[in-house]
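J.: Put chain B with the ligands on the given structure of chain A with help from the hints.
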Amino acid sequence: MSGGFAGSILHIDLTERTVKKSELPEDLKRDYIGGQGINTCLFHSLCRPKTDPLSPENPMVIGAGPLVGTIAPASSKTLLTTRSPQSGTILSSPTGELGNMLKYAGYDHLVITGRADKPVYINIDDDRVSILDATDLRGLDIFDATDILQGRHGRCSVAAIGPAGENLVTFALILINKQATWGRGGAGAVFGSKNLKAIAVRGSRGIGVADPKAFLKVVDQCVQEFKSGPFIDQWTRYGLLMAWEAWMATGKLTVDNWGGSYPPEEATRLWGPKAYEKELRKGSYSCPSCPLGCKGQLEIREGEFKGVSFVSSNPFAISEGFGSRLKTGGYAWSAKCYEVCNRLGMDLGSFSAKMEFLYFLYEKGLVGREAYQGLEPGLGFEKTMEMLHKTAYREGVGDVLAGTWQETVNRLGGAAREHAVHIKRVDPTMDIRGYQCTENVGQLTSSRGGHAMSALSVTIVPGRSADALKRYGRRIGVPEDAFDRVFKGIHGFHPSRFLKWVEDHNTLLLSLGLCNRSPLARVFSLERCLELYQAATGITATAEKLLAAGGEKIINAERLYNLAEGFARKDDMPPKRWMTESIIVGGREYPPMDEKQVASLLDDYYDERGWDTGGVPGEELLKRLGL
Amino acid sequence: MIQEVNGFQYDPSKCTNCLCCRLICSFNSTDRFNPLKAHISIDFNGPGSTVSFRDECLKCGLCARYCPFGALVEKEGVN
Ligand code: SF4
Ligand code: SF4
Ligand code: SF4
Chain A
149 MSGGFAGSIL HIDLTERTVK KSELPEDLKR DYIGGQGINT CLFHSLCRPK
199 TDPLSPENPM VIGAGPLVGT IAPASSKTLL TTRSPQSGTI LSSPTGELGN
249 MLKYAGYDHL VITGRADKPV YINIDDDRVS ILDATDLRGL DIFDATDILQ
299 GRHGRCSVAA IGPAGENLVT FALILINKQA TWGRGGAGAV FGSKNLKAIA
349 VRGSRGIGVA DPKAFLKVVD QCVQEFKSGP FIDQWTRYGL LMAWEAWMAT
399 GKLTVDNWGG SYPPEEATRL WGPKAYEKEL RKGSYSCPSC PLGCKGQLEI
449 REGEFKGVSF VSSNPFAISE GFGSRLKTGG YAWSAKCYEV CNRLGMDLGS
499 FSAKMEFLYF LYEKGLVGRE AYQGLEPGLG FEKTMEMLHK TAYREGVGDV
549 LAGTWQETVN RLGGAAREHA VHIKRVDPTM DIRGYQCTEN VGQLTSSRGG
599 HAMSALSVTI VPGRSADALK RYGRRIGVPE DAFDRVFKGI HGFHPSRFLK
649 WVEDHNTLLL SLGLCNRSPL ARVFSLERCL ELYQAATGIT ATAEKLLAAG
699 GEKIINAERL YNLAEGFARK DDMPPKRWMT ESIIVGGREY PPMDEKQVAS
749 LLDDYYDERG WDTGGVPGEE LLKRLGL
Chain B
8 MIQEVNGFQY DPSKCTNCLC CRLICSFNST DRFNPLKAHI SIDFNGPGST
58 VSFRDECLKC GLCARYCPFG ALVEKEGVN
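So the sequence lines, in the order shown, correspond to chains A and B. Taking the working numbering, the leading residue of the first sequence gets 149, the next gets one more, and so forth. Taking the working numbering, the leading residue of the second sequence gets 8, the next gets one more, and so forth.
If we strip away everything but chain A, and leave its shape as in the complex, we get (with noise of 0.2 angstroms):
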């Protein structure tokens, strides 16, 4: 018996109003894997050279690995991909919910292409599928729009955008049930170009395994593990700010447009776990089968926004982007920014670098003040609200942050380039002076630009043991005729080298569906998934088949795309601010990366993947990997 798979791909293009459904075909089952290895594989066919991201021809491709919807431990993971529209780079972004309620409702991946000529949302109900008009939802944030469809349409999920997805800000993001989120990159733009709305799905047919026994042996082992797991406990409470210790130390906090760090204990008595517990969490929150929950329910406490409340895929969002680099107060504030920012529809992370680099432009005096258009530049509360709402709706300045990097820098002239810090047009969310690990490395090579997102791993936190990195990297497919170069350097790793199979190894976890959450990723080795794909499917398959199908090839498939769009070496590069400044974190001051450090970092990276000095994968190595 097969299983694991829902079995159809459904594919609908507005701009004919048309809508067919397709059986998911074996071959892609076994050699992409599913979500984001099919999504890539689907968008390759679809998708021509030049595209602009924002015209009817961006296809959008939604897709869920064969464990989503079951109950193997944080097996949610949903994958939209597209051409991004804030860095033109491939786009492949996971979340946390909707692909669930996608394979009960009989599909594995849905394809969105065209782009209707009014206000339309699509209605997902098992094989009932209709382009509905939505007129009335037009102009509505996400939470409002969303209620409106889930009480239209019963126990749905809904994926929608909100006034700044309508309005194309680049960095305009799509929420799923009001907190997953398809976040940096700009899905909520294209869904605005489509003219789409939203998306509610509901599914009623649920999915089946090839051999439940088997499977559930290996969930019930999977969960043994994970709560075997140090600070299970910490992370359901706090989520990411359980690290808090460790962010201080390493500067996570930013201020001054990446120019130093937020004080350390000013920001603990602001943001830290003991104001989180105080003022702002009222539970925590899980992502469909996650053992973990690392999500938060909110509530602010005190002052004029008592009682708001919502749930956050990423409550230590706030003290980053609101709370240091916008200098909104605490979370009685801050949250409330964060709130309306959900609402309205934007990336967190994006809209605050923009704010705060637009003041720093103008306390330096760095562009002429007429690119300010009548406003002046400010930061804390109330000034965030202003350009909160000018950025969603375009107005005046406002207009000028909502487009891309180097539309904000052309618009504002002056000395607005030099000073810009982005990766590929991406807000990167970790500085690498200092520390450097897979993931501030990796924001430099990553085919979505500076985003961590396949490179997170456990050398996020500093001052692992020789031993744990190798047992983990045992365990995510590093073989040990590697050991040598992989595990060499003052912190036990190489970075850049180490990268390529986190890399690897995570995007295998997101073509499977399943969660890269430290305490989960540790628990999914090779052996493990290979087990739960093999039991979910039917499929037999070994594990560096698996890990190179998955994962390996998927990232080989994403920079042949980005090659063709003109991107090479010198996109790779960290921001020019990064290469000429220091920076003081925690009273030390941290050199700027000289041009040796970063080309070794990229050479050895490149090395590490088969690819040659300029990034470009070799003959051999493409050959290997059936592209």
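If you are wondering where the hints come from, they were derived from the structure by calculation, not from laboratory data. Incorrect hints may appear among the rest.
Derived DSBU-like pairs (lysine-lysine); straight-line CA-CA distance at most 35 angstroms [to be verified]:
#, chain 1, residue 1, chain 2, residue 2
1, A, Lys168, A, Lys198
2, A, Lys365, B, Lys44
3, A, Lys375, B, Lys66
4, B, Lys21, A, Lys422
5, A, Lys361, A, Lys169
6, A, Lys718, B, Lys66
7, A, Lys422, A, Lys538
8, B, Lys82, A, Lys365
9, B, Lys66, A, Lys771
10, B, Lys66, A, Lys531
11, A, Lys375, B, Lys82
12, A, Lys531, B, Lys44
13, B, Lys82, A, Lys361
14, B, Lys44, A, Lys361
15, A, Lys198, A, Lys538
16, A, Lys198, A, Lys744
17, A, Lys422, B, Lys66
18, A, Lys326, B, Lys44
19, A, Lys636, A, Lys538
20, B, Lys44, A, Lys718
21, A, Lys744, A, Lys538
22, B, Lys44, A, Lys744
23, A, Lys169, B, Lys21
24, A, Lys426, B, Lys21
25, A, Lys744, A, Lys512
26, A, Lys426, B, Lys82
27, A, Lys475, B, Lys21
28, B, Lys66, A, Lys724
29, B, Lys66, A, Lys361
30, B, Lys21, A, Lys454
31, A, Lys365, B, Lys66
32, B, Lys44, A, Lys430
If you want the ones that stay clear, here's a sample from chain B, every Cβ over 10 angstroms from chain A, calculated [what the hints assert, rightly or not]:
#, residue
33, Met8
34, Ile9
35, Gln10
36, Glu11
37, Asn13
38, Gly14
39, Asn41
40, Thr57
Since this is a predicted model, take the numbers as computed values, not measurements. Ideal placement from N, C-alpha and C gives every residue a C-beta, glycine not left out.
T.: Only chain B with the ligands this time, still in chain A's reference frame:
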């Protein structure tokens, strides 16, 4: 508020809406993972969440055993 229903104790303050209880119940009775077909239902609303069971419930206790957060537990000696 802790609720006592059908021989189970449910604590909304611990519930994360993970659906594991409903996934395992549906799998056990239909061989498919399908929360809509579970005999247990959680109406999730943060601390105001409520639990209910269908008459078809077999009182097998699997839902509680698979709850990762201790939000749903069998009342001792009941089932
Ligand atoms: S760890 Fe967090 S992000 Fe990952 S599946 Fe669980 S709740 Fe979702
Ligand atoms: S006791 Fe058994 S049958 Fe009843 S709801 Fe729980 S899992 Fe389902
Ligand atoms: S398994 Fe437990 S935590 Fe998850 S939804 Fe059910 S009762 Fe809530």
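J.: Compare the structure with each hint and give your call.
T.: Hints, one by one, checked against the model:
1. Restraint check: the Cα-Cα separation between lysine 168 of chain A and lysine 198 of chain A comes to about 26 angstroms, which is no more than 35 angstroms; the hinted pair holds.
2. Distance hint between lysine 365 of chain A and lysine 44 of chain B is fulfilled; the C-alpha atoms sit about 22 angstroms from each other, no more than 35 angstroms.
3. A C-alpha spacing of about 25 angstroms is found between lysine 375 of chain A and lysine 66 of chain B, which places the hinted pair at or below 35 angstroms, so the restraint holds.
4. At roughly 19 angstroms between alpha-carbon atoms, lysine 21 of chain B and lysine 422 of chain A fall within 35 angstroms of each other, so this suggested pair holds.
5. Between lysine 361 of chain A and lysine 169 of chain A the CA atoms are separated by roughly 31 angstroms; this keeps the pair inside 35 angstroms, and the hint holds.
6. For the hint pairing lysine 718 of chain A with lysine 66 of chain B, the CA-to-CA distance comes to about 63 angstroms; that exceeds 35 angstroms, so the pair is violated.
7. Straight-line distance between C-alpha atoms of lysine 422 of chain A and lysine 538 of chain A comes to about 34 angstroms, which keeps the hinted pair within the 35 angstroms bound.
8. With a CA separation close to 26 angstroms, the supplied pair lysine 82 of chain B and lysine 365 of chain A stays within the 35 angstroms bound.
9. Straight-line distance between C-alpha atoms of lysine 66 of chain B and lysine 771 of chain A comes to about 55 angstroms, which puts the hinted pair past the 35 angstroms bound.
10. Between lysine 66 of chain B and lysine 531 of chain A the alpha-carbon distance is near 57 angstroms, which puts this suggested pair outside the 35 angstroms criterion.
11. Between lysine 375 of chain A and lysine 82 of chain B the CA atoms are separated by roughly 23 angstroms; this keeps the pair inside 35 angstroms, and the hint holds.
12. For the hint pairing lysine 531 of chain A with lysine 44 of chain B, the CA-to-CA distance comes to about 49 angstroms; that exceeds 35 angstroms, so the pair is violated.
13. Between lysine 82 of chain B and lysine 361 of chain A the CA atoms are separated by roughly 28 angstroms; this keeps the pair inside 35 angstroms, and the hint holds.
14. Distance restraint check for lysine 44 of chain B and lysine 361 of chain A: the Cα-Cα separation of roughly 20 angstroms lies within the 35 angstroms cut-off, and the hinted pair is therefore satisfied.
15. For the given pair, lysine 198 of chain A sits about 31 angstroms from lysine 538 of chain A by alpha-carbon distance, which is consistent with the 35 angstroms threshold.
16. A hinted pair counts as satisfied when its Cα atoms are at most 35 angstroms apart, and lysine 198 of chain A with lysine 744 of chain A qualifies at roughly 33 angstroms.
17. Of the pairs offered as hints, the one joining lysine 422 of chain A and lysine 66 of chain B is violated, with about 40 angstroms between alpha carbons and a cut-off of 35 angstroms exceeded.
18. For the hint pairing lysine 326 of chain A with lysine 44 of chain B, the CA-to-CA distance comes to about 25 angstroms; that is within 35 angstroms, so the pair holds.
19. For the hint pairing lysine 636 of chain A with lysine 538 of chain A, the CA-to-CA distance comes to about 49 angstroms; that exceeds 35 angstroms, so the pair is violated.
20. The hinted pair formed by lysine 44 of chain B and lysine 718 of chain A fails the criterion: a straight-line CA distance of about 54 angstroms is larger than 35 angstroms.
21. Taking the CA atoms of lysine 744 of chain A and lysine 538 of chain A, the gap is about 42 angstroms. The hint is violated against a cut of 35 angstroms.
22. Of the supplied pair hints, the one linking lysine 44 of chain B and lysine 744 of chain A is violated, its CA atoms being roughly 60 angstroms apart against a limit of 35 angstroms.
23. As the CA atoms of lysine 169 of chain A and lysine 21 of chain B are separated by approximately 41 angstroms, the hinted pair breaks the 35 angstroms bound.
24. For the given pair, lysine 426 of chain A sits about 17 angstroms from lysine 21 of chain B by alpha-carbon distance, which is consistent with the 35 angstroms threshold.
25. Restraint check for lysine 744 of chain A and lysine 512 of chain A: satisfied, since their Cα atoms lie roughly 30 angstroms apart, inside the 35 angstroms limit.
26. Annotation: proposed proximity of lysine 426 of chain A to lysine 82 of chain B holds, straight-line Cα distance about 32 angstroms (limit 35 angstroms).
27. Distance check on the hinted pair: lysine 475 of chain A and lysine 21 of chain B sit about 33 angstroms apart at the alpha-carbon level, within 35 angstroms; holds.
28. For a cut-off of 35 angstroms, the pair hint linking lysine 66 of chain B to lysine 724 of chain A is broken: about 64 angstroms separates their Cα positions.
29. Between the alpha carbons of lysine 66 of chain B and lysine 361 of chain A the distance comes to roughly 21 angstroms, so the proposed pair stays at or under 35 angstroms and holds.
30. Taking the CA atoms of lysine 21 of chain B and lysine 454 of chain A, the gap is near 23 angstroms; set against the 35 angstroms cutoff, the hint holds.
31. Between the alpha carbons of lysine 365 of chain A and lysine 66 of chain B the distance comes to roughly 22 angstroms, so the proposed pair stays at or under 35 angstroms and holds.
32. Using a Cα cut-off of 35 angstroms, the hinted pair lysine 44 of chain B and lysine 430 of chain A holds, with the two alpha carbons roughly 30 angstroms apart.
33. Taking the minimum C-beta to C-beta distance to chain A, about 14 angstroms, the non-interface status of methionine 8 of chain B holds against the 10 angstroms cut.
34. With 10 angstroms as the threshold on Cβ separation, the claim that isoleucine 9 of chain B sits away from chain A holds: the shortest Cβ distance comes to roughly 14 angstroms.
35. At roughly 16 angstroms, the least C-beta separation between glutamine 10 of chain B and chain A is larger than 10 angstroms, which holds for a residue marked as non-interface.
36. Under the 10 angstroms C-beta cut-off, the non-interface status given to glutamate 11 of chain B relative to chain A holds; the minimum distance is some 20 angstroms.
37. No beta-carbon of chain A is positioned within 10 angstroms of the beta-carbon of asparagine 13 of chain B; the least distance is around 21 angstroms.
38. No Cβ of chain A approaches the Cβ of glycine 14 of chain B within 10 angstroms, the least distance being about 22 angstroms, so the stated non-interface status holds.
39. Non-interface status of asparagine 41 of chain B relative to chain A is broken: a Cβ of that chain comes within 10 angstroms, the nearest being about 3 angstroms off.
40. Residue placement check: threonine 57 of chain B keeps its beta carbon more than 10 angstroms from all beta carbons of chain A (closest about 15 angstroms).
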